[in-house]
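Undergrad: In this note's numbering, the protein residues as written are 1 to 130.
Simulated from the structure, these hints should not be mistaken for lab results.
Be aware that one or more of the hints could be misleading.
[To be verified] Computed spacing ranges between beta-carbons, pair by pair:
| id | residue 1 | residue 2 | range |
| --- | --- | --- | --- |
| 1 | G35 | L91 | 21 to 31 Å |
| 2 | E20 | R58 | 23 to 33 Å |
| 3 | R58 | L34 | 37 to 47 Å |
| 4 | L91 | E20 | 15 to 25 Å |
| 5 | E20 | Q65 | 37 to 47 Å |
| 6 | G49 | D19 | 17 to 27 Å |
For every residue, glycine included, the Cβ atom is placed at its ideal position computed from N, Cα and C.
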Amino acid sequence: MERAVTRTTKTRTTEPPVDEAGALSTAACLFRSLGDPMRLAIIRHLMLGPHRVVDLTRHLDGPAQSSVSAALACLRDCGLAESQPQGRASLWSLSTQSELLELLASAEKLLAATGDQVALCPVYGTGTSS
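Can you make the complete structure from the sequences, with help from the hints?
TA: Structure follows, in structure tokens:
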């Protein structure tokens with residue numbers, strides 16, 4: 001008894017290959033940059049308009065000015081914030097405001113859908129529900 005042999009051919013697409021590991025690593029870096037409460041608070045203030053470091057420090061009520069500057073430097077290095085010289089100070093603003101607004105709105109929807117689950121996560125959560 002003879003077997004029928006069928007060959008399948010793979011169709012090639014014209015799309016370039018995707019470096020999935022690289023793309024995921026880049027996405028993870030983005031989310032880590034947003035994973036700090038102080039940086040998120042700074043982003044929320046910058047959504048209201050440009051701020052100087054001294055003003056952000058006053059609004060955040062707690063961190064040292066050097067900590068706020070370091071957080072802003074992180075956001076700048078990630079391409080999320082930018083500064084313009086204003087006299088002896090710098091005026092900070094978001095470089096990607098509409099995209100950040102959209103991302104944070106999506107995050108709020110996801111948090112509403114998952115409830116306290118993320119807070120209870122043993123790796124990243126606080127261990128308590130709010």
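Undergrad: Confirm or reject each hint.
TA: Outcome of the hint check:
1. Against the hinted window of 21 to 31 Å, the Cβ-Cβ separation of G35 and L91 comes to about 26 Å, which satisfies the hint.
2. The beta-carbon spacing between E20 and R58, approximately 44 Å, falls outside the hinted interval of 23 to 33 Å.
3. Checked against the hint of 37 to 47 Å, the pair R58 and L34 fails, with Cβ atoms roughly 23 Å apart.
4. L91 and E20 have their C-beta atoms about 39 Å apart, which leaves the hinted 15 to 25 Å range violated.
5. Checked against the hint of 37 to 47 Å, the pair E20 and Q65 passes, with Cβ atoms roughly 41 Å apart.
6. Look at G49 against D19: about 37 Å separates their beta carbons, and that is not inside 17 to 27 Å.
Comparing the model with each numbered hint stated earlier shows that hints 2, 3, 4 and 6 do not hold.
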